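One line per chain: the protein sequences are A and B, in this order. All letters in the first sequence, in the order written, are residues 1 to 114 by our numbering. All letters in the second sequence, in the order written, are residues 115 to 226 by our numbering.
No lab work stands behind these hints: they were computed from the structure. Treat each hint with caution, since some may be false.
[As the list claims (entries may be wrong)] Listed next, the in silico BS3-like pairs over lysine-lysine satisfying Cα-Cα at most 27 Å (straight line):
#	chain 1	residue 1	chain 2	residue 2
1	B	K151	A	K57
2	B	K213	A	K69
3	B	K170	A	K102
4	B	K168	B	K151
[Stated by the list, open to error] Residues of chain B placed beyond 12 Å of chain A at every Cβ, according to the derived structure:
#	residue
5	L125
6	T159
7	T177
8	K185
None of the values given here were measured: they were computed from a predicted structure. For every residue, glycine included, the Cβ atom is placed at its ideal position computed from N, Cα and C.
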Amino acid sequence: EAQVTQNPRYLITVTGKKLTVTCSQNMNHEYMSWYRQDPGLGLRQIYYSMNVEVTDKGDVPEGYKVSRKEKRNFPLILESPSPNQTSLYFCASSFLRDHMGKQFFGPGTRLTVL
Amino acid sequence: DQQVKQNSPSLSVQEGRISILNCDYTNSMFDYFLWYKKYPAEGPTFLISISSIKDKNEDGRFTVFLNKSAKHLSLHIVPSQPGDSAVYFCAASEVSYEKLTFGTGTRLTIIP
Numbered sequence: 001e002a003q004v005t006q007n008p009r010y011l012i013t014v015t016g017k018k019l020t021v022t023c024s025q026n027m028n029h030e031y032m033s034w035y036r037q038d039p040g041l042g043l044r045q046i047y048y049s050m051n052v053e054v055t056d057k058g059d060v061p062e063g064y065k066v067s068r069k070e071k072r073n074f075p076l077i078l079e080s081p082s083p084n085q086t087s088l089y090f091c092a093s094s095f096l097r098d099h100m101g102k103q104f105f106g107p108g109t110r111l112t113v114l
Numbered sequence: 115d116q117q118v119k120q121n122s123p124s125l126s127v128q129e130g131r132i133s134i135l136n137c138d139y140t141n142s143m144f145d146y147f148l149w150y151k152k153y154p155a156e157g158p159t160f161l162i163s164i165s166s167i168k169d170k171n172e173d174g175r176f177t178v179f180l181n182k183s184a185k186h187l188s189l190h191i192v193p194s195q196p197g198d199s200a201v202y203f204c205a206a207s208e209v210s211y212e213k214l215t216f217g218t219g220t221r222l223t224i225i226p
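Just chain B, same shape as in the assembly:
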């Protein structure tokens, strides 16, 4: 049972435009949500996170939005740059933070 879902396997966006990546979850015990970015032949790297007590967190060009009632979060990248082309994983953890549950990933391609 996939508790964290990323329904779009791929997304293409023009350089300079906004990229919106979506993630849905089913486990209401999830307390903390994260986005990781992965380039080919490298391990994932932490990008941005949000606690369940917030609905928005910003870090430069990256903003994560959390809608707890809909069990949905999204990552906005504005403006999109060619270096943003990567696979993005949504992840979630319960309050114990012992285990991370990842989504299946979305491959983002920024078109110059």
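Okay, chain A solo, but in the shape it has when bound:
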């Protein structure tokens, strides 16, 4: 089944404790992206990657890191999480050739930072 998977789905952590949210897709997509969803703000793009070893900042990159060592994986790293990073996070992917914004989304990771 073609899908984008994220782990964990739910995470409660404390301020300053480094964490990684994994994202994997099995569709051979070149493009991958991370978003956060907050009430009243919609989805905002954190980082995106056009291909392996190519990453770029979205609209809200502060406090986050990403890496793209393999085509299928795009982990989101919070080196020192803070309460304002409590949010619902989505990973997405797509082909570049017919991209035009048509992205496949994972099921989401709900993160709480205490």
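Put chain B on the given structure of chain A with help from the hints.
Coordinates of chain B only, in the frame set by chain A:
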């Protein structure tokens, strides 16, 4: 600065009637517009899109209209069904398609 705006946080429509969801944008560089649908505890799923060179695109019960001069697009769902109850996000991208800018979403409730 919210470049894509959905001014109605919620909308209730009777089953069988038309649902109209609206979206306004400010960035004249946007080239492609999309609607995504989101159910609780799931990620958004692509619904329908329209290029800036068109003013209408239809897919079954779903039609998207684009008014470039007014920087406005709308999604029409006819007839509305209970399974259409979800949050709908409007999104836009510039010609590079590298970044998607989303609106804040409209929660649509279809009343049986």
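Against the 27 Å threshold, does the CA-CA distance of K168/B and K151/B hold or violate the hint? Distance of about 22 Å is within 27 Å: holds.
Pairwise hint evaluation, K69/A against K213/B, where the allowed Cα distance is 27 Å at most: 21 Å, holds
Quick check for students: does the CB of L125/B sit more than 12 Å from each CB in chain A? 16 Å, holds
Check the hint pairing K170/B with K102/A against an upper bound of 27 Å on the C-alpha distance. 18 Å, holds
Non-interface claim for K185/B: all C-beta distances to chain A beyond 12 Å? Answer for K185/B: holds, closest chain A Cβ roughly 17 Å.
Could you let me know if the closest chain A CB is still more than 12 Å away from the CB of T177/B? 18 Å, holds
Would T159/B pass as off the interface with chain A, using Cβ distances and a cut of 12 Å? It is violated; T159/B is separated from chain A by about 7 Å at its closest Cβ, not greater than 12 Å.
Take the C-alpha atoms of K151/B and K57/A, compute the straight-line distance between them, and say whether it is at most 27 Å. 25 Å, holds
Hint violations for this structure: number 6 only, all remaining hints satisfied.
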